[in-house]
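Those protein sequence lines, which keep their order, are chains A and B.
Sequential numbering of the first sequence, starting at 9, is according to our numbering.
Sequential numbering of the second sequence, starting at 0, is according to our numbering.
Source of the hints: derived by calculation from the structure; they are not laboratory data.
For every residue, glycine included, the Cβ atom is placed at its ideal position computed from N, Cα and C.
Treat the hints with caution; some may be incorrect.
As the list claims (entries may be wrong) - One side only, chain A facing chain B, incomplete, derived with CB under 8 angstroms: (1) Leu-38; (2) Ile-57; (3) Trp-64; (4) Phe-65; (5) Gln-68; (6) Asp-83; (7) Asp-87; (8) Asp-92; (9) Glu-106; (10) Glu-112; (11) Phe-116; (12) Asp-141.
Said to hold, decoys possible - From chain A, some residues computed to sit far from chain B (all C-beta separations above 10 angstroms): (13) Ser-119; (14) Val-179; (15) Phe-184; (16) Phe-208.
Unchecked claim - Footprint (simulated), chain A over chain B, 3 or more residues, beta carbon under 8 angstroms: (17) 3-9; (18) 30-38; (19) 57-68; (20) 73-86; (21) 123-131; (22) 141-147.
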Amino acid sequence: MLSLKKKTEAAAVSSEMAPWHPNLRNFARLPDTKVVRTTFFINGASVFIALALLLWFAFQEYKLHNLDKQIAEWDRQIDRDKKDSDKFVALYGRFKEEQARVDEVAWFLKSRPSVSLLLTHLAQTLPQDIALDSYEQQLQGLVLRGTVRGNPDEASGFASTYLDQLRGDKVLKTYFDEIAYSGSGVSRNPQTSRLSFQFFLRFKPAAKGGQK
Amino acid sequence: MAGEQIVSFLKANPISVACGALALAVAVGIYVRADRVPDMENLLNQKASLGERIDANLKNGAQLPDQFAAISAARQQIESRLIRPDELAKNLQFFYKLESDTGTKLVDLRQNLIIGKAPPRIKTYYIGVGFTIAVRGDYTRLLDFVRRLESNQRFCRIMTATLGVAGSSDKDRGGDVTLNLSIELLGLP
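Here chain A stands alone, though its shape is the one from the complex (with noise of 0.2 angstroms):
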């Protein structure tokens, strides 16, 4: 059977013997016997590089050129919002200024409790053998004066559960955090013999962010 691949000259000159006749084939004008010839191969790979990198070329210009186009259409939609944006952002600035005053104001009012709902609830909630004497309303708290009717006995157990009574009292406790006795706390008034206590009522601190 016949080689089908194509001999050079000199493969045929050094795998045989000593030739007994001279060798007078032209090789370079013999036909190529191979079913696929290798030059295929080649050219098949040169045009599939050519071919891939083509495509990858494509693909990064086709990118480029997709966000040349949505960056340019940002850049409209930027031109043409920007001026009504800035003039929002503007007035944002003037609102806040407005919105600062009117914070300071309300901060103003809330700052100290009312003197006359605290009055008006001491009252309503004053036990009938208590008599208030003095109301102090102080910066940092709340001085009560007060005497209880009674014998002194009975009006001791009346001024602690007062006490209590204005410890557990849920609108008080919006405005005070510490409600106990304060200077003599409780003691008997020589001139009227009659028991007298006095409680100091401390305020909460500020919410923060407010001015002293």
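Following the hints, complete the assembly by docking chain B onto the known chain A.
Only chain B this time, still in chain A's reference frame:
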């Protein structure tokens, strides 16, 4: 001779040579243009971010003119109720009116002068103008006085308040009581 060989090689392999040349040219193109992609992506992100911010501004600002008009009107209304520290007579008139409306008696009334006051630590638009007041009357009238003071035309906060009877007997409790107040009215600086 080498030149002839090259020419003959080119002639013998026209497709592979042409494809090789094309591939080389395209590879150079890819290399040269490759840097533009991340740059363009960064630019697009910046533009998109700016565009979205502007879009959000437009959406959020749709109601802003109306809200600004409302808050501006409120501020003007507020400022019409503020006092001016230098208008002493006018400021005191407010308390005399309260006195006559409530039937109490002003024992003492002074506007605290602001002399060389240190500037506030944070920016403030208004100042509290201090007043010292002593007013006498029965408990009900005094409570009315305080209520009107706190809910009247002026913005008022009571810093300290002392209300007490003169003695501790039942007779003392039935009479007039004195209320000492240290207050601040909100004013324009």
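Consistency of the hints with the structure:
no., hint, verdict
1, Leu-38, "16 angstroms, violated"
2, Ile-57, "5 angstroms, holds"
3, Trp-64, "6 angstroms, holds"
4, Phe-65, "5 angstroms, holds"
5, Gln-68, "6 angstroms, holds"
6, Asp-83, "7 angstroms, holds"
7, Asp-87, "10 angstroms, violated"
8, Asp-92, "6 angstroms, holds"
9, Glu-106, "5 angstroms, holds"
10, Glu-112, "6 angstroms, holds"
11, Phe-116, "5 angstroms, holds"
12, Asp-141, "6 angstroms, holds"
13, Ser-119, "6 angstroms, violated"
14, Val-179, "16 angstroms, holds"
15, Phe-184, "15 angstroms, holds"
16, Phe-208, "14 angstroms, holds"
17, 3-9, "violated (count 0)"
18, 30-38, "holds (count 4)"
19, 57-68, "holds (count 7)"
20, 73-86, "holds (count 3)"
21, 123-131, "holds (count 4)"
22, 141-147, "holds (count 3)"
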